[in-house]
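Produce the complete structure using the sequences and hints provided.
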Amino acid sequence: MSAGLFKARHAMGPTVRGPALVANDGFSARYDLDRIKGIFSRPSHKLAGRSYVGKVLVLDTAKGGVATAWMLHEMKSRGIVPLALVLNTVNPILAQGAALGDIAMLAGFDEDITAAVPDGAQVEVNPQQHWLKVI
Amino acid sequence: MKLNDEEQDILAGKAGPLPQLALRHQIMVGDFFGAKDFVPVTQAHIMADTESLGEAGVQWLEGLAATSEGQRRVRVPTITDPRGTDFAKADLLGQTSVMLDLERRAIAAFEKLGVAMTNTCINYQTIQAPTRNEHTAFGDTGVVIYANSVCGARSNFEGGPSALSAGLTGRTPRYGFHLPEMRRGTLHIQVDHTPTTLNGWGALGGVIGRIAANYWAVPAIEGIEGAPKSDQLKHFGASMASFGSIALFHLVGLTPEATKLADVAAADLPRHRVGRSDIEALQRSYHTDSEVDVVVFSAPQLSLYELGDLASLCDGRRFKVPLLAVTSPQVKPDSDRMGYTARIEAAGGSVLSGMCFYQSYAREISEARGWKRLATNSAKLVNILGGYGYRPMLASMDSCVEAAASGRLERT
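Top to bottom, those sequences are chains A and B. With positions in the first sequence counted from 1, the corresponding number in our numbering is that position plus 27. With positions in the second sequence counted from 1, the corresponding number in our numbering is that position plus 4.
Treat the hints as calculated values from the structure; they're not laboratory data. Bear in mind that the values here come from a model prediction, so they are computed numbers and not experimental data. The C-beta atom is built at its ideal place from N, Cα and C for all residues, glycine as well. A portion of the hints provided could be inaccurate.
[As the list claims (entries may be wrong)] Here are a few chain B residues that face chain A, going by a calculated C-beta distance under 8 Å:
no.	residue
1	C155
2	G156
3	I215
4	Y219
5	S249
6	T263
7	D267
8	A271
9	I388
Below you can see the structure in the form of C-alpha cells.
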C-alpha cells in the first residue's frame, strides 16, 4: 500500500473529493446529528458541535438504529449531508441509506482508518477503485 | 450476485417497475456486503416515521404509490413500525399540522402499496412472532435482535427502503445473519448479576452493547439466572441493539441456538465479565438532575403486562408533571378494556398508541413543551435522546411514577 492510499473491502457510490472530518467514534444520523443545523449534536460525541456538511466523515463504526437509512436520503435532498462516509465497519443500515441517497461509502480497511487519516486533510474517495487517498 | 430465473425477470422489469426498482436497490446492498444470492422472506417490517422520511422520503413513497393498480402491492405480509404521532394526542405533544399532514401522506402511500399499518415495534409480542430459521426482513433494531436471538429467526437490520424492497420482491440479499456461520458467538460475556427490573435489564443490555460495539459482533452470554420474561428480554435486546448496533445475542441455556456454549461459540473467544457495579454505573451516568419535566414509558412500546403494572403504580396518585405511556394499536384496546388506561389517566397520565417517543419529532416536542429533563425506565430511550437535546434519566418504573407525582427523581 502506498503512503496515503487506503484500500477498502466494501464500497459504493460516486467518486468525491473534500475535507476529512475524523474521529474514533461511531455514527448514527438519529442519535448523533442535528440534521437541521448540520452539526453533530450528541454531547458525548467526539465531533459534538462540528459541521458535517460537505465533509468526508471518517469514523469507526455504525451505531444504533435503522433511521439512518431514510435520513441520509432526506439530508441529501436538502444539501445538508456528508460528502462521503468512510468507516472501519458499517452495519446494513448505513449501506442501505447510502444506496438510496447515492452517497459515497467505504468500509473495511486493514488499518484503523480513523488513525490513518488526519482530521482536516483533503481526501479523494473512489468507490469504483475501493480506495481513499489523502491528497 | 447470482440471480435465479425469477429474479432475472424482476430485474428485466417483467414483474413491473416497483419490484425492478426494489431489486436494483437490494443488489447494490447485497454486492456491498458480498452476498452470493437472495433468500426468500416470509414477512417484512418497515421503519418509516416521517421525522426520518422527511418531505423527500414521503415524496419518494408517493412516487412508488403512483404506480398503476395491480403493479404496486407487496408480495409478502409487510407491516409498519410506529408512526410519528398518535393523531388523537398530537396536541399533547405539541406537534404541528405540517407534521400530521406528512404522516397522513405517508400512510396513504403505504396503504396503496399494500402495507399493513400495524404501527408497532413489538410485533413479536402482538402480531406474529417468527419461528426458528424463518428468514425475515425486519426493521427496528429491537425487533431484529429479539427475532434473531429469542425466536431464532434470521434477519439483518433492514432500514425502511430495504424492508419495503423485501416486501415488494419477497426476498432479501443473503448475507450477515441469514448465514449460519455469521450467527456464531464472537465474544463471551459472563454475567454475575441477573437484573429484576426492566431498567436493569436494559442497562445490562447497554453494558454488553458497549462492550460488543459492532453490528457483526455476537455476544454469547452466560450467568443469567432463572427464565427471563419476554418484556425483560425486550428491554435487554432493544438496549443492546441501541448501544452497540447488535443484532443477535445468545443466552446459553435459554435462547434456541445455544443449548450449551459449544453450540454457538469456540472456547477461545475474548472473555468479559459484567457485574452489578457495571449495570449500576451505567444507570448512574444518566442520573444528571433531580428535577423532572416529563416521564415517558416507551421504546419499546409497552406490553399489556407493563401497562397493568403501570396502572397499579398510578392508583391513588396525582401527577405534577406529564407522564406518557406509549403502546401499540394492538395492545391499546385491551388496555382500555382492562381499565388500565383509565387508571393511568385518572392520575394525570396519558396512554398513547401507534407511535414511539423518539420517533415522533422528539426535538420539536422538547421545544414546543419545554421538556428537557426526562425520566424513563427505557435504557434505549436514554441512549437516543441525548442527541435530541434532552437530559434523559434512567430509573425504575416505580421511581419514574414517583417522579411524575413529586417532580423529583430520587437517587437510588
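Verification of the hints:
Because the beta carbon of C155 (chain B) sits about 18 Å from the nearest beta carbon in chain A, more than 8 Å, this interface hint is broken. With a least beta-carbon distance of about 20 Å to chain A, the hint placing G156 (chain B) at the interface is violated under the 8 Å criterion. Because the beta carbon of I215 (chain B) sits about 13 Å from the nearest beta carbon in chain A, more than 8 Å, this interface hint is broken. For Y219 (chain B), the interface hint holds, since its Cβ comes within 8 Å of a Cβ in chain A; the closest pair sits about 4 Å apart.
Because the beta carbon of S249 (chain B) sits about 5 Å from the nearest beta carbon in chain A, less than 8 Å, this interface hint is met. The beta carbon of T263 (chain B) is not positioned within 8 Å of any beta carbon in chain A (closest approach about 28 Å), and the interface hint is therefore violated. Given hint, D267 (chain B) at the interface with chain A, is violated; its Cβ is 25 Å from that chain's nearest Cβ, farther than 8 Å. The interface hint given for A271 (chain B) is broken, as the beta carbon of that residue sits about 25 Å from the closest beta carbon of chain A, more than 8 Å.
Residue-level restraint check for I388 (chain B) holds (minimum Cβ-Cβ distance to chain A is 6 Å; threshold 8 Å).
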